[in-house]
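Each chain, written out:
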Amino acid sequence: MGHCNDCVVCRCEDVQLSEILQAIHQDGAVSPQEVKMLTRAGKGMCGGRACGNVVSRVVAAETGIAVEQLVWTRSRAPVRPTLLSDVADPSVDAIFDKSKAHVDLLSSTLHEKKS
Amino acid sequence: MDSLKPYDVVVIGAGVNGCCAAYHLAREGYKVAVVEKGIIAGEASGRNAGGVRQNGRSRTELPVAMNAIGQWMRFRDEFGGEFEYVQKGNLVVGYTDKQHQDMAKDAQRQRDQGLEIEHITDKKVIRELVPALTDQAICVNYVASDGKAQPFKATWFVAKLAKQHGATFHTFTEVTKLVREGDAISGVETTRGLIPTRSVIAASGPWTISLLKDIGVKLPMLVRRTQACVTAPMPHFIDPWITSGTIWVHQTVSGNVMIGGGGPWEPLSFTKESSLLSLQRFSRRAQQVLSGLKTARLLRGWGGCLDVTPDFQLIVDKIKGVEGLVVSVGTCGHGFALGPAVGQACAEMATGRKPSVPVEGLSVDRFASDMDFETTYKAMPEPL
Amino acid sequence: MSTSKYLSEHPVLGPRTGKRITFCFEGQSYEALEGETVAFALWGAGVRVLGYDERQGHARGLSCGIGHCYNCRVTIDGVPDVRSCITPVLDGMQVRSQKGPEKGGQPA
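Protein chains in written order, with our numbering: chain S, 125 to 239; chain R, 350 to 733; chain B, 3 to 110.
Just chain S, with the same shape it has in the complex:
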C-alpha cells in the first residue's frame, strides 16, 4: 500500500489514506477504534458506513492482524442523523426533576467526615 496516499477514505470527514497510515505507523494504532479517534475517520454523517470496512482492511493489511479480529463500532441509535426536536420528549422533564431530590439526599447522607 502506498500508491494512493491522497485518496479519500472517509468522505464525510475528509480523511485521506495517508492520515490513516500515519495513525498506524507513527502513532501506533493497531485497531479501527484507535484510527477513528485519531483521524476522525468514521465520525461523520454516515456513521462510518462508507469507510468502516476500508479502515478495518487497512489496519489488517498494515499490522498483519486478521481482519476478522478487528472490530468496527457497532450500530447504535440514532441510526440516521435525527433532528434533536424529533428525539426530544417533553415527558422526560418530569422524570429527571424527580431525581434532583435524590442527588441532594445522596450528597448529604454520604458525605461523611471523620470527626
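None of these hints come from the bench; they were simulated from the model.
Incorrect hints may have been included.
Quick partial rundown of chain B residues pointing at chain S, CB under 7 Å, derived from the structure [said to hold, decoys possible]:
# : residue
1 : E38
2 : R57
3 : H70
Listed below are the simulated DSSO-like cross-link pairs for lysine-lysine, each with C-alpha atoms no more than 30 Å apart in a straight line [claimed, not checked]:
#  : chain 1 : residue 1 : chain 2 : residue 2
4  : R       : K562      : R       : K727
5  : R       : K526      : R       : K437
6  : R       : K567      : R       : K667
7  : R       : K509      : R       : K703
8  : R       : K509      : R       : K567
9  : R       : K380      : R       : K567
10 : R       : K643      : B       : K101
11 : R       : K502      : B       : K101
12 : B       : K101      : R       : K437
Which stretches of chain R does chain S cover? Using the computed rule of at least three CB atoms under 8 Å from a CB of chain S, they are [claimed, not checked]:
#  : stretch
13 : 494 to 506
14 : 625 to 631
15 : 663 to 669
Cβ coordinates follow ideal geometry from the N, Cα and C atoms, glycine included.
Fit chains R and B to the known structure of chain S by using the hints.
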C-alpha cells in the same frame, strides 16, 4: 506464570492519570511500565467530553486543577501537542435566585483560592459571551482560562512523551492480580506474565475496585455509567463550555455540538451503551439551554464507566498497610483535566517522595474506615 | 428554466409520465416529474455539484444514491442535511447547497 522483566514502577491503566504518571516517572529516569487491558485512553479518558476546567471545582480539587491547566498549556505550547486544546472559557449557568446566591458565594470562594472567576448578572455581558444562551439564565460564573481538548488525542500525546522518555506500554494486557507478600507489593500478575515490582500505581478507574478487593483493600467506590452525544457538524456559534443543571454543552473544533451528563438514574454497572432516555433528555435540555439548535441533528451517543466516590472527589493516596501501592481513582467523570497534576503526585508518592501537588485532601482516610458506600447508596430510594 | 435531459421514453420502463412540477436549487428554477428525487431531477438537468465539504471545501455530489453516505445532503426548505437522493421533489421546494461553516452557513 512466566516472569517478565522487572520495573521500578508499574502503572495499571493507560488512562490520563496512568499516562501522566508514566510521563513524570520516565522523564525523571525511572523504569516504568504501563499495563493496559485495552487501548490507551480506551475507557473514560477517551470517552469524556474533554473539559479542561477549574470553574466549580471543590475546595480540595481546585488547586489540583490549577496546577494541571498549567501543565496542559505546557504540553500544547512548549512540547507542540496537538489535541484540539482551546481556551474559550467555561460558564456555569444559574436560573433561580437561590442558584444566584449560591453561585456568587462559590465564585468568591474560588476567587479566595486564587482563581480568576467572574460572577456575572448583566444580561448584556452574558449575551456577549454566549449569544445563543436562552433568556431564562439570570447569572453565570465564568472562567476565561478554562477550555476543552480532545481527550483521546491528549492522552495519546502524553503517552507518546512517556514513551520518548523510555516508558514501556503493554496494551491488550490485563492485570489479573496484585501480588502482595505480607505488607508489601512484590509484583503484578498479568495475562502475559508476572511483572516483578515494588511499586504500583493503580490508575484503572472502576476496574481498580476488584483488583484491590482481591488483596483485602476496600475503597468506597462504585462503578456508574455516564453518557454523552454529539450532533452533526454545525456552523460555529458557541465559544465557551456551558454547564447548566445536570447537563453540559459545548461545540468542538469540528463543529459538532456535544451534550452530556450523568446522575443517579444511571445503572451501577460496566455498561457503556447509550440509553434512549438520556438521548431524549440531552436533546430536550440542550434546546432549553440554547437557542440555535432547531435544525441540529443528533449523530451518535455513547457511554463510559465512572468510578464514583461518596463525595464525588478523587482518591489519590498511598494505601496504608500495603507498602508500594498508590491509587488514583474516583475521578467521577471530571478527572480528565486533572491528569497531569494527579499523575505527578502519584509519580512522586510511588517513588518515596511527598507529592508536590496538593492532594492531601484526596486521601482515603477522609472517609470513615467502616463506611459501606455500596449498601448506603443502594438503600437510597429509586431516583426515577 | 432548465429542463431535464432524461429520456422521455425509457427503452424498458416506457414513457416517463407524471405531473410536471418546478422547484428551486440555488436560486434557479428546475423542472421535475412528481415522484422523482431531488438529486435525480438535478442530475437530469446537468447539476453535479450539490454542496461543498464543510472541512476542506471540496465539491460534493451524488455518491451512493441510496440514502447511505450523506454526500448528497442539501438544505430543503430551511432544514439542513436532507438526503437529496431519496427525497421526492415537491412543487415549489426551495433547495440550497450546504457550503459548510466556513462559507457562511448559519444555524437555524
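Q: Identify every previously stated hint that the structure contradicts and give their numbers, smallest first.
A: 1, 5, 8, 15
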